[in-house]
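Visitor: Below are the chains, spelled out letter by letter.
Protein chains: 2
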Amino acid sequence: MELFNVLTVQQARSVLAVHLPVWHKEETIPLLQGLNRILAQDITAKEDVPGFHRSTMDGYAVRARDTFGATESLPSYVDVTGEVLMGEEAHGPVGAGQAWAIPTGGMLPPGADAVVMVEYTEELDKRTIGITKPAAPGDNLVRRGEDVSTGAVVLNAKHRLRPQDLGLLAAVGVTEVPVLKPVKVGILSTGNELIAPDQPTSPGRVRDINSYTLYGQVLQAGGSPTLYGIIEDNFESLRQALIGALHENEMVLISGGSSVGTRDVTAKVIETLGNPGLLFHGIAIKPGKPSIGAVVDGKVVFGLPGHPVSAMIVFDLLARPLIESSGDGQPGRSFPLRAAITRNIHSATGRDDFLRVTLRRLEDGTIVADPVLGKSGLISTMVKADGVAHIPLTKEGVEAGELVDVWLF
Amino acid sequence: MELFNVLTVQQARSVLAVHLPVWHKEETIPLLQGLNRILAQDITAKEDVPGFHRSTMDGYAVRARDTFGATESLPSYVDVTGEVLMGEEAHGPVGAGQAWAIPTGGMLPPGADAVVMVEYTEELDKRTIGITKPAAPGDNLVRRGEDVSTGAVVLNAKHRLRPQDLGLLAAVGVTEVPVLKPVKVGILSTGNELIAPDQPTSPGRVRDINSYTLYGQVLQAGGSPTLYGIIEDNFESLRQALIGALHENEMVLISGGSSVGTRDVTAKVIETLGNPGLLFHGIAIKPGKPSIGAVVDGKVVFGLPGHPVSAMIVFDLLARPLIESSGDGQPGRSFPLRAAITRNIHSATGRDDFLRVTLRRLEDGTIVADPVLGKSGLISTMVKADGVAHIPLTKEGVEAGELVDVWLF
Numbered sequence: 001m002e003l004f005n006v007l008t009v010q011q012a013r014s015v016l017a018v019h020l021p022v023w024h025k026e027e028t029i030p031l032l033q034g035l036n037r038i039l040a041q042d043i044t045a046k047e048d049v050p051g052f053h054r055s056t057m058d059g060y061a062v063r064a065r066d067t068f069g070a071t072e073s074l075p076s077y078v079d080v081t082g083e084v085l086m087g088e089e090a091h092g093p094v095g096a097g098q099a100w101a102i103p104t105g106g107m108l109p110p111g112a113d114a115v116v117m118v119e120y121t122e123e124l125d126k127r128t129i130g131i132t133k134p135a136a137p138g139d140n141l142v143r144r145g146e147d148v149s150t151g152a153v154v155l156n157a158k159h160r161l162r163p164q165d166l167g168l169l170a171a172v173g174v175t176e177v178p179v180l181k182p183v184k185v186g187i188l189s190t191g192n193e194l195i196a197p198d199q200p201t202s203p204g205r206v207r208d209i210n211s212y213t214l215y216g217q218v219l220q221a222g223g224s225p226t227l228y229g230i231i232e233d234n235f236e237s238l239r240q241a242l243i244g245a246l247h248e249n250e251m252v253l254i255s256g257g258s259s260v261g262t263r264d265v266t267a268k269v270i271e272t273l274g275n276p277g278l279l280f281h282g283i284a285i286k287p288g289k290p291s292i293g294a295v296v297d298g299k300v301v302f303g304l305p306g307h308p309v310s311a312m313i314v315f316d317l318l319a320r321p322l323i324e325s326s327g328d329g330q331p332g333r334s335f336p337l338r339a340a341i342t343r344n345i346h347s348a349t350g351r352d353d354f355l356r357v358t359l360r361r362l363e364d365g366t367i368v369a370d371p372v373l374g375k376s377g378l379i380s381t382m383v384k385a386d387g388v389a390h391i392p393l394t395k396e397g398v399e400a401g402e403l404v405d406v407w408l409f
Numbered sequence: 001m002e003l004f005n006v007l008t009v010q011q012a013r014s015v016l017a018v019h020l021p022v023w024h025k026e027e028t029i030p031l032l033q034g035l036n037r038i039l040a041q042d043i044t045a046k047e048d049v050p051g052f053h054r055s056t057m058d059g060y061a062v063r064a065r066d067t068f069g070a071t072e073s074l075p076s077y078v079d080v081t082g083e084v085l086m087g088e089e090a091h092g093p094v095g096a097g098q099a100w101a102i103p104t105g106g107m108l109p110p111g112a113d114a115v116v117m118v119e120y121t122e123e124l125d126k127r128t129i130g131i132t133k134p135a136a137p138g139d140n141l142v143r144r145g146e147d148v149s150t151g152a153v154v155l156n157a158k159h160r161l162r163p164q165d166l167g168l169l170a171a172v173g174v175t176e177v178p179v180l181k182p183v184k185v186g187i188l189s190t191g192n193e194l195i196a197p198d199q200p201t202s203p204g205r206v207r208d209i210n211s212y213t214l215y216g217q218v219l220q221a222g223g224s225p226t227l228y229g230i231i232e233d234n235f236e237s238l239r240q241a242l243i244g245a246l247h248e249n250e251m252v253l254i255s256g257g258s259s260v261g262t263r264d265v266t267a268k269v270i271e272t273l274g275n276p277g278l279l280f281h282g283i284a285i286k287p288g289k290p291s292i293g294a295v296v297d298g299k300v301v302f303g304l305p306g307h308p309v310s311a312m313i314v315f316d317l318l319a320r321p322l323i324e325s326s327g328d329g330q331p332g333r334s335f336p337l338r339a340a341i342t343r344n345i346h347s348a349t350g351r352d353d354f355l356r357v358t359l360r361r362l363e364d365g366t367i368v369a370d371p372v373l374g375k376s377g378l379i380s381t382m383v384k385a386d387g388v389a390h391i392p393l394t395k396e397g398v399e400a401g402e403l404v405d406v407w408l409f
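Those protein sequences? They're chains B and A, same order as listed. For the first sequence, the UniProt record's numbering assigns the number 1 to the initial residue and increments by one for each residue that follows. For the second sequence, the UniProt record's numbering assigns the number 1 to the initial residue and increments by one for each residue that follows.
Please note that the accuracy of each hint is not assured.
As the list claims (entries may be wrong) - In silico lysine to any residue, SDA-like type, Cα no more than 20 Å apart, as pairs:
(1) B:Lys126 - B:Lys184
(2) B:Lys384 - A:Ala157
(3) B:Lys375 - A:Gly138
As the list claims (entries may be wrong) - Derived DEER-like restraints, expressed as beta-carbon distance ranges:
(4) B:Thr342 - A:Gly244: 49 to 59 Å
(5) A:Val153 - B:Ala157: 41 to 51 Å
(6) A:Val153 - B:Asn156: 37 to 47 Å
(7) B:Pro392 - A:Gly277: 54 to 64 Å
(8) B:Pro392 - A:Ser149: 30 to 40 Å
FYI, nobody ran anything at the bench for these hints, they're computed from the structure. All values derive from a computational prediction rather than experimental measurement. Each residue gets a CB set at the ideal place from its N, CA and C atoms; glycine is no exception.
Hey, can you work out the whole structure from these sequences and the hints?
Guide: In structure tokens:
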């Protein structure tokens, strides 16, 4: 029996980071296909947005100094010498004592430095208005380059594109986007008790759950999953299957094998395959302890527990960040929700605990987390839960009422 | 000038719900395509999971009563009369004074009612073990049906499928899933100042942002978006474009038209099209007030503000819930994060305010929200932000340090 090399989650992440292969394959895709994709390069604006001073109100473009001192009882009178048309260049100039009518979004004509809202004007005749409230230079304007200025990095490499990011890219005229290719992830299940979901059950056999949860998790993380099905529980079958999956993927997840022998087979197979090989065998977390991490000739292999809850949690902690950022270990979901746990929970120090919880909102807006009880082999507990609460390895547990980090599903 | 019919967000949702068309088109898809799809029907388990009592430990299946009183100094001795093989039916029976070896995940043989962990046994010879700690009936077992019991509704209609839900469906043998068809959403932009992102800018013109942010938001909500491009800013062009888009979609979003006349054109066009027509014209929120909602012969139309930030926020509040639940108005994102705002923010009562914020984590774990300043016409403010904080319409504002709900992007 070999010695387990048990690491904390942080140590496991660090050792993976040291040996992490360079995965940065790029491709260029149309902007409309960019949602949730990860930028491969910084995006720099080649022009100002907007490209001109732009009115934010319906009103009149003026020289602010012409309005100084204006009041309702003593308006400043200016001549209306032009009109800005939406979408057209406003040539101006607006001279002293002059104003141009301007719509919201219209271009400020040269000479003018502010917009007076139509509400603060009164029309004397078609050629003259009275202004009843002074404007300061810059009033009611979006300045040229106020949204984006030329040369600014508007989005950083490794950023995952959200709807507003697509909008910003459209604004700066970027219609083809350099993104990272999705990480290819092969998924293998082991365990002689497993049958495929479309097979009838029989005594002693259960259906393969992990292939499907992991497939969903890989997709959610932005990876490209391939299922290799249920692999027979012996060294040679697993070795052949793993070699095949490593050939076609950048990461391979092997889950299960809850029978006695199997737990070590994955590690033994990995040791025959390439360098640096096994990085850890066991993580100081609950659930999920019997997990394996390895890098084999530039590919990552995780051996995940057979229990569906444990496999999901270890995936989220270790595999997801690698897929989401295609290599730099920075997780995509950056802020947990803070909720008050509703019962005392014991936990051992030196171990990160993850507790399935459902959330409830109290009348005062507070969010509380109720632990979902049940063994880590029960997928129904993950289905009931809204997220997992984290009890850090520095703590011996949490007391009812204490705030904990909850990572939502 | 027509009278604005300004509603609160809640009133707008209610009036939409009253007139909401029935959208529940179903389709059946393979399980592996189910991630993020919405169930069309309750899923009921047709069998127990697991289908047999299952060991959670490596050890021995026994009759618990045979272990009562066992201690390290006075073990209970039992005969090992069989071995459970992984994935095979265990016929037993395990009689009084007998034990079967059993692996984790193995089927409990008839006659036995508990498993003793191998750690609490000592092997005398191949046929006899000593048990050093008593077991209670049910110890170290997952009972038949403990994960899922026959006849239980395991997932409800309208539930959006997460990775663990795919796992549960696999467990109960559901490989074809009845889901709602994605809501088809047509997206139109109006505004004579707009040009497409692949066009060069010129003074007075800006690129269309809203088509792209809304396209991303519709996709994110699980809808199927189609862009109809930039529509000329007049009654007849908009009417023809809207009729075309209504024909091909279940929902149409018209954004923009920030020029004076345009703001009313959308409403006027809608009034010529069908029943019940315009439901509200203006919502008591900031930003996003000049928004329109309508139902036209069984299709939903939203007129969204031209400002990108406003359009995104109104989409999230009103359109997203309709797309996500395909009709029942129940939003998909159910829990906001609670964060302490870092400055005093004034807000008018009677109006829901939404504040772009960035989040920071303090040393003690607290999450604080810093307001992102900037006009609602600036898409860069949405790009900087991590989410939006909600100041409810009952409040006059929030004070620095107060906890607010933040909806993460």
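Visitor: List in ascending order the numbers of the hints, as given earlier, that are violated by the structure.
Guide: 1
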